[in-house]
Each structure stands twice: as structure tokens, then as C-alpha cells.
Amino acid sequence: MNVETAGTLGRGDLARLVARDIAAGSFVNLGIGQPTLVSNYLTTEQNVTLHTENGMLGMGPAAVGDQIDEDLINAGKIPVTELPGASYFHHADSFAIMRGGHLDVCVLGAFQVSATGDLANWHTGAPDAIPAVGGAMDLATGAKETWIMMTLFAKDGTAKLVPECSYPLTGVGCVRRIYTNEAVFLLGPDGVRVRETYGISFAELARRVDIALLPLGA
Amino acid sequence: MLTFVETAAQAVAGIRDGSTVLIGGFGNAGQPMELIDALLDGGATGLTVVNNNAGQADAGLALLIKERRVGKIICSFPRQSDSWHFDAAYRAGEIELELVPQGNLAERIRAAGAGIGGFFTPTGYGTMLAEGKETRVIDGRGHVFETPIHGDVALIKALTADRAGNLVYRKTARNFGPIMAAAAKQTIVQVSSIVETGRLDPEAVVTPGIYVNTVARLGVVPGDGVAATYKGRAAL
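Sequences listed follow chains A and B, in order.
Residue numbering for the first sequence is 1 to 218, as defined by the working numbering.
Residue numbering for the second sequence is 1001 to 1236, as defined by the working numbering.
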């Protein structure tokens, strides 16, 4: 059954929804940009441990004032804090944590996601663009579950959930969930299922997205 | 052989034109600024540099690139809001870029230090960064073959060395230091403090001295045991 509400979700509401869905006790990596907002809505009771690619588990909130320390930064090179129980490790260990499947969830942004879970989020492919990949491919491929936060529709109104990605891929078949302002999608072997919608009907969503969508109960 | 030197210039004096130089740091954290400045002053050119980024703003690696001393850079994330010197060199066709996913970059460096001839990794499989590379399906999953990255020299930054060359790092400034120390023929380390052998807890040593060739205490306030930026935290 699809939940229809008065409007689409705002950025904060979307981050709150993702945070709520993270299981208690999880080890999680939040990508640069919009996914970072999720940390604002994690509760103490959830006991989620945050990983940052530059060699830390147990990352705390952004540092302010006297807490700022140039040796303690996150993947976006923003000063952060350490929580009790934090640990530091070198880069090969940090990416072994990802690649080895030790992270329960990573949350990333996206340019496009395909119906089969292919992800494009690092490069527009434009000839004059300088490519930079960072840890995106390792995260998308390595975490037990890759979740995406993105706007469902591009500025020109076309859906970013597509039959096949036209931008260069970050990973193949790696996305399990997509959180957007209009709907939450679950990707599985039987296709793309709509878990809930916000401010749009299932029928309207199905009309505007160029892939087959399954309602939750089907 | 392990040598302790007084200045950054002495530390980098042996770096020749055309060397492959592994430079530690993620952004500015762990970036051995004084050693890079000395490399700039020393004049070595035609370098291949391995670093996560391609320099920030007007310091360190960014200046080496600005002065066109780097012929090739192997990195994961060159493009940033303040990577203007790299951007200019790249757009002018005056620097070669080998873009590597960050985990593959780290593991390729680790493999070099560990004597591994290469490895199959799922990261990058099916993407343009795997084009032209050997692939194999292992346990039903596509993998890409990646080769080690050896350095002629590593320039890294640690917090403290003892007289045996053992190193400890500080927080997320550790990043590439330990794996680069192992992957280069000559590992040059700048530290904030040097202590007598026996003063570092052997259980807490991160990089064993066997990987270290040259140590210099740099970037610290004279007479202080702690880097100026460390806001009074004790080294030990």
C-alpha cells in the first residue's frame, strides 16, 4: 500500500527517513553531500558507528571552535570529532573494511540509477570534465547494502531512475534502495518495487518513470 | 640504513629527476608539507607523484604541479574546489593523469610493500576505469586485475619517531603513511618529535622502523616537543 502525503519530502525529512531505516548497531558510511545529513537524525539508542574512508570508525559530529583539529577530518575534508570507542587505521585497512563487506550500509548520492541497480555518480562523461572518483566505486561495490539519496527528477523533468545509465558507471548492480523526495524504491531480483510515495500517486509515478514499477504488495 | 637529518633539504637531497614519489596525506591531513617544499626547492623534475589528491590551494603538492615538476600523477580525487593548479596543468595537457579508485590505489600501494604481484578486486569492474584490464569472474562476481605501485621514494608525515625509526601517527593523518612507507625504496619521514629508543610502546608502533630510511623533525616550534598546530597536545 502506498502512502500519499500532502507533498514531497524536504531534504531534512528525507535524511530523517534514511536514518530511521538504519538498523540498530549498524556500521555505516555516509557519502559526501546530501547523505552526510543523515547523521543529524541518528539517535543515541540506534548505536550506529560511522566509518570514514580516510581511516576512522566512530566518527562524531562536525568539529566546532576549539574542537577543530587539522589531523581529524572526514572524507569531505571537513573537521570532525571522535566518539568514545573510535579507532584509526591506514587507508588499505579502511578500504578493506569496505571491500570486505564489513559495512552494513553505505548511503551515496547519484546522477542515475538503473532498474537493475547500476549506479552512476562520479563522472558526467563530458569531454571537458576532470574526472574524480575517490572512494565511490569501493563503497558502492563493497558495502552489504548501497542506498542512494537523490532527487528523482532532473532539472529537465526526466527521471534519474532509468532503464540503463547513460553516464559512466560507478558500480554494476550494486544499489538496493533509492530514497527520493517523491518515493522510496526497493531494488531486487524481481524488479523495482515502490515502498511508499510522497506527494505523488503510484499511477503518476509509473507514468513519469521509464521503467516498470511494482507496487509494494504485488 | 636509518639516518636522522636536521633539515628538509638534507632529507630530500637524494631525489632524482624522473623518480616515482609516493606522497602521504589525504587533503592536508598527513601531507608532509615541509618535505614537499624542499623537493620544490631542490629542483627535481619529471616526477611521477602518487597521492590521493592532486594538491590543494597554493601549498605543498599543488606548487610542485604549478611549477610543472610533475609529469604524471596517480591519484583518486584530483578535482576539488581548490585544485586550480592541477586543473590548469591538466587542461593544458601538461600533466598525465592515472585515475584510480581510492581503495585500489591503497591496495596497489600495499601490494607493492607486501611483495604481491597484483590482485583481483571487484572495485571498478564494469566501469571505464577497468577498460583494458584483465578481468575474471570469481565466485560469480566480476573482478579486475590491478598491479602494485612501487615508489622510488616515499615522503610521509608521522607524529613521533624513536631512534630505531619506529613511527606512530596522529588521528586521520595516518591515512597513506604506513602503506607508502613499505612500498618505496627510500622512505623519508617528517615527524613532530623524536624520542629515544624504548620510549615508544612496542604494542603501539604503527610503522616498524624496518621501513624507514630518513627521519627529520620538521614543522615544529623550536624548543617545543609538539607541532605548533597540535594545540598543546603531548606527543606521548
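These are calculated hints, taken from the structure and not from any lab test.
Warning: the hint list may mix true and false statements.
To be verified - Result set (SDA-like, lysine to any residue): computed pairs, CA atoms no more than 20 Å apart in a straight line:
1) A:K144 / B:T1045
2) B:K1185 / B:P1122
3) B:K1072 / B:T1045
4) B:K1066 / B:G1043
5) B:K1133 / A:G33
6) A:K144 / B:P1122
7) A:K160 / A:F89
8) B:K1185 / B:S1019
9) B:K1072 / B:E1094
10) B:K1185 / B:A1164
11) B:K1185 / B:T1003
12) B:K1066 / B:L1040
13) A:K160 / A:G33
14) B:K1072 / A:P131
15) B:K1072 / B:T1020
16) B:K1185 / B:D1201
17) B:K1133 / A:D128
18) B:K1185 / B:R1199
19) B:K1133 / B:A1164
20) B:K1066 / B:Y1090
21) A:K144 / B:K1185
22) B:K1072 / A:A132
23) A:K155 / A:G33
24) A:K144 / B:G1042
25) B:K1072 / A:I130
26) A:K155 / A:G7
27) A:K155 / A:S166
28) B:K1133 / B:G1093
29) A:K144 / B:G1140
30) B:K1133 / B:D1152
31) B:K1185 / B:K1066
32) B:K1066 / B:G1093
33) B:K1072 / A:S166
34) A:K144 / B:Y1090
35) B:K1066 / B:R1016
36) B:K1072 / A:L213
37) B:K1066 / B:G1140
38) A:K144 / B:A1114
39) B:K1066 / A:I130
40) A:K144 / B:E1094
Taking the hints in turn, this is what the structure says about them:
In summary, the hint linking K144 (chain A) to T1045 (chain B) is not supported, as the alpha carbons are separated by about 44 Å, beyond the 20 Å threshold. Proposed proximity of K1185 (chain B) and P1122 (chain B) is contradicted: the alpha carbons are some 29 Å apart, above 20 Å. Our distance criterion of 20 Å between C-alpha atoms is met by K1072 (chain B) and T1045 (chain B), whose separation comes to about 11 Å. Distance hint between K1066 (chain B) and G1043 (chain B) is fulfilled; the C-alpha atoms sit about 13 Å from each other, no more than 20 Å.
For the given pair, K1133 (chain B) sits about 31 Å from G33 (chain A) by alpha-carbon distance, which is inconsistent with the 20 Å threshold. For the hint linking K144 (chain A) to P1122 (chain B), the alpha-carbon distance of about 13 Å falls within 20 Å, and the restraint holds. For the suggested pair K160 (chain A) and F89 (chain A), the alpha carbons sit about 36 Å apart, so the restraint of at most 20 Å is broken. Between K1185 (chain B) and S1019 (chain B), the direct Cα distance comes to roughly 11 Å. Compliance with the 20 Å bound is thereby established for this hinted pair.
About 9 Å separates the Cα atoms of K1072 (chain B) and E1094 (chain B), which keeps this hinted pair within 20 Å; it holds. In summary, the hint linking K1185 (chain B) to A1164 (chain B) is supported, as the alpha carbons are separated by about 18 Å, within the 20 Å threshold. Our distance criterion of 20 Å between C-alpha atoms is met by K1185 (chain B) and T1003 (chain B), whose separation comes to about 14 Å. This hinted pair checks out: K1066 (chain B) and L1040 (chain B) have alpha carbons roughly 10 Å apart, not beyond 20 Å.
The straight-line distance between the Cα atoms of K160 (chain A) and G33 (chain A) is roughly 18 Å, inside the 20 Å bound, and the hint therefore holds. Of the supplied pair hints, the one linking K1072 (chain B) and P131 (chain A) holds, its CA atoms being roughly 15 Å apart against a limit of 20 Å. At most 20 Å may separate the alpha-carbon atoms for a hinted pair to count; K1072 (chain B) and T1020 (chain B) meet this at roughly 9 Å. For a cut-off of 20 Å, the pair hint linking K1185 (chain B) to D1201 (chain B) is broken: about 26 Å separates their Cα positions.
For a cut-off of 20 Å, the pair hint linking K1133 (chain B) to D128 (chain A) is broken: about 24 Å separates their Cα positions. Only pairs whose Cα atoms come within 20 Å are accepted, and K1185 (chain B) paired with R1199 (chain B) is rejected, the gap being roughly 27 Å. Restraint check for K1133 (chain B) and A1164 (chain B): not satisfied, since their Cα atoms lie roughly 41 Å apart, outside the 20 Å limit. The hinted pair formed by K1066 (chain B) and Y1090 (chain B) meets the criterion: a straight-line CA distance of about 11 Å does not exceed 20 Å.
Among the hinted pairs, K144 (chain A) with K1185 (chain B) is inconsistent with the structure: their alpha-carbon atoms are about 37 Å apart, more than 20 Å. The straight-line distance between the Cα atoms of K1072 (chain B) and A132 (chain A) is roughly 15 Å, inside the 20 Å bound, and the hint therefore holds. Our distance criterion of 20 Å between C-alpha atoms is met by K155 (chain A) and G33 (chain A), whose separation comes to about 18 Å. For the given pair, K144 (chain A) sits about 48 Å from G1042 (chain B) by alpha-carbon distance, which is inconsistent with the 20 Å threshold.
Distance check on the hinted pair: K1072 (chain B) and I130 (chain A) sit about 15 Å apart at the alpha-carbon level, within 20 Å; holds. For the hint linking K155 (chain A) to G7 (chain A), the alpha-carbon distance of about 18 Å falls within 20 Å, and the restraint holds. A C-alpha spacing of about 16 Å is found between K155 (chain A) and S166 (chain A), which places the hinted pair at or below 20 Å, so the restraint holds. Taking the CA atoms of K1133 (chain B) and G1093 (chain B), the gap is about 24 Å. The hint is violated against a cut of 20 Å.
Distance hint between K144 (chain A) and G1140 (chain B) is fulfilled; the C-alpha atoms sit about 16 Å from each other, no more than 20 Å. For the suggested pair K1133 (chain B) and D1152 (chain B), the alpha carbons sit about 25 Å apart, so the restraint of at most 20 Å is broken. Of the pairs offered as hints, the one joining K1185 (chain B) and K1066 (chain B) is violated, with about 26 Å between alpha carbons and a cut-off of 20 Å exceeded. Proposed proximity of K1066 (chain B) and G1093 (chain B) is supported: the alpha carbons are some 13 Å apart, at most 20 Å.
With a C-alpha separation of about 29 Å, the suggested pair K1072 (chain B) and S166 (chain A) falls outside the 20 Å cut-off, and the hint is violated. Proposed proximity of K144 (chain A) and Y1090 (chain B) is contradicted: the alpha carbons are some 36 Å apart, above 20 Å. Distance hint between K1066 (chain B) and R1016 (chain B) is fulfilled; the C-alpha atoms sit about 19 Å from each other, no more than 20 Å. The straight-line distance between the Cα atoms of K1072 (chain B) and L213 (chain A) is roughly 47 Å, outside the 20 Å bound, and the hint therefore fails.
Pair hint K1066 (chain B) plus G1140 (chain B) does not hold up; C-alpha atoms about 46 Å apart against a cutoff of 20 Å. Taken as a hint, the K144 (chain A) and A1114 (chain B) pair is broken in the structure, with Cα atoms around 28 Å apart against an allowance of 20 Å. Of the supplied pair hints, the one linking K1066 (chain B) and I130 (chain A) holds, its CA atoms being roughly 17 Å apart against a limit of 20 Å. At most 20 Å may separate the alpha-carbon atoms for a hinted pair to count; K144 (chain A) and E1094 (chain B) exceed this at roughly 41 Å.
The structure fails to meet hints 1, 2, 5, 7, 16, 17, 18, 19, 21, 24, 28, 30, 31, 33, 34, 36, 37, 38 and 40 from the earlier list, while all remaining hints are met.
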